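A.B. asks: Chain residues, written in single-letter form:
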Amino acid sequence: MSKRLASIVLALVVIVASFSVVAGAQEYTVKNPNKLVVLRFGNAETLDPHWAYDSASGLHAENVYESLFQYPEGDVSKLAPLLATKVPTKENGLVKNNGKTYVFPIREGVTFHNGNKLTPEDVKYSFMRAIFQNRVGGPTWMLIDPIFGLTQGRLENVAAQAWDDTDKAPSTDELEKILKNNKEKATELYNYVSDHIEIDGNKVIVHLEAPYPPFTKILTRSNNYAGAILDKEWSAKIGAWDGTPEDIGNHFNPDASESAYNKLENMNGTGPYEIVEFANGEQTIWKAYDNYWRENAALETVVFKAIDEWSTRKLMFLRGDADLCTVDPQYRQQVESSKEIRSYSGLRAVGMRSFSFNWDINLKGNDYVGSGKLDGNGIPSNFFEDIHVRKAFSYAFNYEVFINEVMKGDAMRLRGPIPAPLQGWKLDESKMYNLNLEKAKEHFKKAFDGELWEKGFKMTILYNTGNLTRKSACDMLKTYVEQINPKFDVKVRSLQWSTFLSASRQAKLPLSISGWAADFPDAHNFAQPLLHSGGYYADQRGEAFKEWAKENLNPKLAKGMKILDPEKRKEHYRNLQEFAMDKAIDIWTYQGVGTHLERKWVKGYYYNPLSNGYWYKYDKMTDQEYTDLMNKQSN
Amino acid sequence: MIVYIAGIEKGVVIKMLTYIARRLLILPIIIFGVTLIVFGMMMLLGPYQRLATYVKSPQELSGGVDMEGLIKKYGLDDPFHVQYGRWVSKVIRGDLGYSQAVNKPVLEALKDRFPASLELLIYAAFPTVMVAIYLGVFASVNHNQLWDHVIRVLSSIGYSMPLFVSALILLLIFYGILGWFPPGRLSTWAQSLVRSEEFVRYTGLNTFDGILNGNLGVTINQLRHLILPIISLSLLRWAYLLRITRSSMLEVLRKDYIRTARSKGVKENVVIQKHARRNALIPVITVAGPQIIMMLAGAVITETIFNYSGVGQFVKMCATQLDYAGILGTTMYLSFLFILTNLIVDVSYAIIDPRIRLD
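Chains A and B, in that order, are what the protein sequence lines are.
Residue numbering for the first sequence follows my numbering, starting at 4 and increasing by one per position.
Residue numbering for the second sequence follows my numbering, starting at 347 and increasing by one per position.
One should not assume that every hint holds.
Per label pair, the in silico range of CB-to-CB distance [to be verified]:
(1) B/Glu454 with A/Gly96: 28 to 34 Å
(2) B/Ile519 with A/Gln636: 24 to 30 Å
(3) B/Gly550 with A/Asp293: 41 to 47 Å
(4) A/Asp168 with B/Glu454: 39 to 45 Å
(5) A/Phe44 with B/Ile557: 32 to 38 Å
(6) A/Glu94 with B/Lys457: 57 to 63 Å
Simulated crosslink set (DSBU-like; lysine-lysine; CA at most 35 Å straight-line) [what the hints assert, rightly or not]:
(7) A/Lys290 with B/Lys450
(8) A/Lys240 with A/Lys367
(9) A/Lys290 with A/Lys240
(10) A/Lys240 with B/Lys436
(11) B/Lys620 with A/Lys240
(12) A/Lys474 with B/Lys419
(13) A/Lys240 with A/Lys89
(14) B/Lys662 with A/Lys411
(15) A/Lys180 with B/Lys662
(16) B/Lys450 with A/Lys367
(17) B/Lys662 with A/Lys183
Some residues of chain A that are not near chain B, with every Cβ distance over 10 Å (derived) [claimed, not checked]:
(18) Asn46
(19) Ile241
(20) Gly242
(21) Asn256
(22) Val279
(23) Asn283
(24) Ile288
(25) Ser314
(26) Lys367
(27) Asp452
(28) Gly453
(29) Met462
(30) Trp500
(31) Ser501
(32) Glu574
(33) Thr630
Simulated from the structure, these hints should not be mistaken for laboratory data.
Predicted model, so just to flag it, every value in this text is computed and none were measured.
The beta-carbon is built from N, C-alpha and C at its ideal position, and this holds for glycine as well.
Same shape as in the complex, but just chain A (with noise of 0.2 Å):
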């Protein structure tokens, strides 16, 4: 009996043995071995990368079409060739005539999807088509604007150039008709555009109007794609511009469904994979290009599938059925404790966020601002001329909880219009404010010569319904603002987006949070729009603050696009940075870092903050490699 039993036992504790090996020892198994599988949300407008001016229609983009230049390793301080052979500079001698002219020698060996090769014209091409094509709201204005010494500047302001007519540019509509209709108009700005882009051999050779610094930036790889090369005989065959005067009016101004290369027949690029599958909201599947230029991509296919319901995303990646995955903050948890999940944080967006004052609100219909008067039931239209006004609210702001507590860390402190890391960007943390209720105060009572702070206030600041950050902000903002004064009365209200983007639009809001992502890592990408007199929120600030910036911001600004030397300009950006912060033009809030998350048997990341999505130089482990990576975690 007892010789049984120990048999029993001693065949008990080998089997239970062998299982604490077979678990010391696991085998693990990569799934989809060569296939990188993609998880995140949104529809694409466009396969069109001139008319992409959107993160998902970027990220269909970024993989199929190339630039000349791209920034090495996601560094994006510096520039690396990519279409083209070296990257122009003063030195190099590619640079000429004082920043006015730019030489890009273009490399050869270089095949299109269908087999046909690059060539300088199909850069000339390309370069011209963006311009030609111009659609309301697009990303072309980023080579228009350099090329013809314009700001923010459309065709219709090209042609007034061409057509010596520069009082007054045709309106879109009309230069629609004038380009279907009028063929020597047509021809005359065919051929001012073509004089401005000339071919020498090999070479590329553009001459701009006036210097503009960042010119090479904006013929970058990353999520602008203005200055994606086409291949110029196919667009002709697929209906595309076919590069001559009389079909310009023909593609102008296109809507989506108007564009040849928003088909998924017609996508041809030069990137290392092709688009083989699409079904828009859905399901998109790369496939690596066999003829690439460079070494081919080393992970076959690549599947992007668009899943709104998080809860569904995090199973798939939970389950390693998905690769990457888009994450919000708040649910970050929930999938980083995973022991087969990595995450990189910490990751700077190139990007701001600041609310932004209204200096000359739209009273008319206006539910936001009370009686509209400074009798202490309202706000007058110039309630944020008054610079104290602005200072005060900027000393009324916690920065510090929000970004630690709010943001649960995942954002810095904005030192003003210019994110890290460009030019500029490192304002001395002294030169900003911190939350300061007694300063705050101060300048609580000199405004409106003391007026303001007799009789109080009443204002409701807004904030679009679903985003609990901007909702949290508003919040804090007016939380601090009334323990300043009982007689300050601040309310925070939500708004649908559609509302809210039209109570914006008609400058009724009083004040709001809104934000800025870079096309081109430059200041003068951030400076323009924040402080121009005719930048994009020049119109949300009013007619008030255009004036204002006209006298203070507008040369400043225009003598920052004439400084090549880097040191020199980013000088003169810091200052214009301290400038913002000291004129509190906005309360200039936090810039986003974000967190990327992948399963560990993914190999290649880096981090690039203006690509979309570049599947380039992912890989994945083999087994082995990743059960040993899983085995020595585990010991």
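Assemble the complex: chain A is given as a structure, and chain B must be docked to it using the hints.
C.D. replies: Okay, now just chain B, sitting in the frame of chain A:
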């Protein structure tokens, strides 16, 4: 032969056909009436508000959007009658407009997604109705006995549980933990295969097309992806139909003619199936029709959670992005389905209960 069709008299058949013809004739008027109301409601939003179709998020504002240019381009500030007239004239030409939500024509989007929803409907609706009727009859026959209580409890649970809760629980257990039934319409390999030129789309329904193309792998893959959405979608409707069936049966079983049939020695099975059930089905049919259409049109939550690319998911995208072309297009499509279903329900009454006249 034509005198009797399925046991119905010639006069009734003619009346039925006349009735159907009348209903079909007023169908376009009803549809346009509905769209006029929906269009009118959308026009209560100002041009800048309706611009949200084209400028979808605050991030896009960062790109320096020319709002006035877009409003002019898309005619958002044209008078009501101009905008509605523009839309109607396009519809008459078969153009339901362009959906900004999915970046394709609305008609194409509906055509792409309709088979998915239809497939879900076929596998969800008929078993749901059949099972609900069977169990409802069974429960009523075993009134106040154990099985009646069990079925009533289960139906209460099914009826009470919100759809999104049951869907998420199913997804968590059967996919998240067990990995048996993944979300989506098909796996990636199957999706690529059915979209390839080698695969012939006979019906648009992957389960049938898989068989017809001699590729059972596709059929099995589709069924695997359908199981959770079917269960989720059916649960609420099954419970509701079961309760209606049971109540209706109990009422019918108390009727004098049932007592008479039993006293005449008719077998209980015949009493239930031939005499009681047929009459009890009238209220069930009344609700079953719209319930089935709700499955087709309203599977928004199910399709979203299971990432099933049907009409419900499209409706959700259009609604959240204020895509008014998509909203109007799907309104027309749903109106048509509702009217057609109601017509089928009305005709079914006459077939089931000869006492009902289609005057």
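A.B. asks: All hints, please: hold or fail.
C.D. replies: For each hint, the structure was consulted:
Range check, glutamate 454 of chain B to glycine 96 of chain A: about 53 Å between beta-carbon atoms, so the 28 to 34 Å window is missed. In this structure, isoleucine 519 of chain B and glutamine 636 of chain A meet the distance hint of 24 to 30 Å, their C-beta atoms being roughly 28 Å apart. With their beta carbons about 33 Å apart, glycine 550 of chain B and aspartate 293 of chain A fall outside the hinted range of 41 to 47 Å. Distance hint for aspartate 168 of chain A and glutamate 454 of chain B: a CB-CB separation of about 43 Å, consistent with the stated range 39 to 45 Å.
Checked against the hint of 32 to 38 Å, the pair phenylalanine 44 of chain A and isoleucine 557 of chain B passes, with Cβ atoms roughly 34 Å apart. Separated by about 59 Å at the C-beta atoms, glutamate 94 of chain A and lysine 457 of chain B satisfy the suggested range of 57 to 63 Å. A hinted pair counts as satisfied when its Cα atoms are at most 35 Å apart, and lysine 290 of chain A with lysine 450 of chain B qualifies at roughly 23 Å. For a cut-off of 35 Å, the pair hint linking lysine 240 of chain A to lysine 367 of chain A is broken: about 53 Å separates their Cα positions.
Under the criterion of a C-alpha separation no larger than 35 Å, the hint pairing lysine 290 of chain A with lysine 240 of chain A is consistent with the structure, at around 24 Å. Distance hint between lysine 240 of chain A and lysine 436 of chain B is fulfilled; the C-alpha atoms sit about 29 Å from each other, no more than 35 Å. For the hint pairing lysine 620 of chain B with lysine 240 of chain A, the CA-to-CA distance comes to about 69 Å; that exceeds 35 Å, so the pair is violated. For the proposed pair lysine 474 of chain A and lysine 419 of chain B, the alpha carbon gap of about 33 Å is at most 35 Å, so the pair holds.
Among the hinted pairs, lysine 240 of chain A with lysine 89 of chain A is consistent with the structure: their alpha-carbon atoms are about 31 Å apart, no more than 35 Å. A threshold of 35 Å between alpha carbons decides the hint, and for lysine 662 of chain B with lysine 411 of chain A the separation of about 31 Å falls inside it, so the pair holds. A hinted pair counts as satisfied when its Cα atoms are at most 35 Å apart, and lysine 180 of chain A with lysine 662 of chain B does not qualify at roughly 38 Å. As the CA atoms of lysine 450 of chain B and lysine 367 of chain A are separated by approximately 39 Å, the hinted pair breaks the 35 Å bound.
A C-alpha spacing of about 40 Å is found between lysine 662 of chain B and lysine 183 of chain A, which places the hinted pair above 35 Å, so the restraint is violated. With a cut of 10 Å on Cβ distances, asparagine 46 of chain A falls inside the contact zone with chain B, its closest approach being about 6 Å. For isoleucine 241 of chain A, the shortest C-beta to C-beta distance to chain B comes to about 18 Å, beyond the 10 Å cut-off, and the non-interface label holds. No Cβ of chain B approaches the Cβ of glycine 242 of chain A within 10 Å, the least distance being about 18 Å, so the stated non-interface status holds.
Chain B draws asparagine 256 of chain A into its interface by the beta-carbon criterion, the shortest separation being 7 Å against a cut-off of 10 Å. Distance check on valine 279 of chain A: its Cβ comes as close as 8 Å (rounded) to a Cβ of chain B, failing to clear the 10 Å threshold; non-interface status is violated. The claim that asparagine 283 of chain A is not at the interface with chain B is violated, since a C-beta of that chain comes within 10 Å of its own (minimum 5 Å). Distance check on isoleucine 288 of chain A: its Cβ comes as close as 7 Å (rounded) to a Cβ of chain B, failing to clear the 10 Å threshold; non-interface status is violated.
For serine 314 of chain A, the requirement that its beta carbon stay farther than 10 Å from each beta carbon of chain B is not met, with the minimum near 6 Å. No beta-carbon of chain B comes within 10 Å of the beta-carbon of lysine 367 of chain A; the shortest separation is about 13 Å. Every CB of chain B lies more than 10 Å from the CB of aspartate 452 of chain A, the least distance being 36 Å, so the non-interface label holds. No beta-carbon of chain B is positioned within 10 Å of the beta-carbon of glycine 453 of chain A; the least distance is around 37 Å.
Every Cβ of chain B is farther than 10 Å from the Cβ of methionine 462 of chain A; the closest lies at roughly 21 Å, confirming the non-interface assignment. The Cβ of tryptophan 500 of chain A sits about 6 Å from the closest Cβ of chain B, inside the 10 Å cut-off, so the non-interface label is violated. Against the 10 Å criterion, serine 501 of chain A falls within the reach of chain B, whose nearest CB is about 4 Å from its own CB. For glutamate 574 of chain A, the non-interface assignment is confirmed: its Cβ lies about 27 Å from the closest Cβ of chain B, beyond the 10 Å cut-off.
Residue placement check: threonine 630 of chain A keeps its beta carbon more than 10 Å from all beta carbons of chain B (closest about 20 Å).
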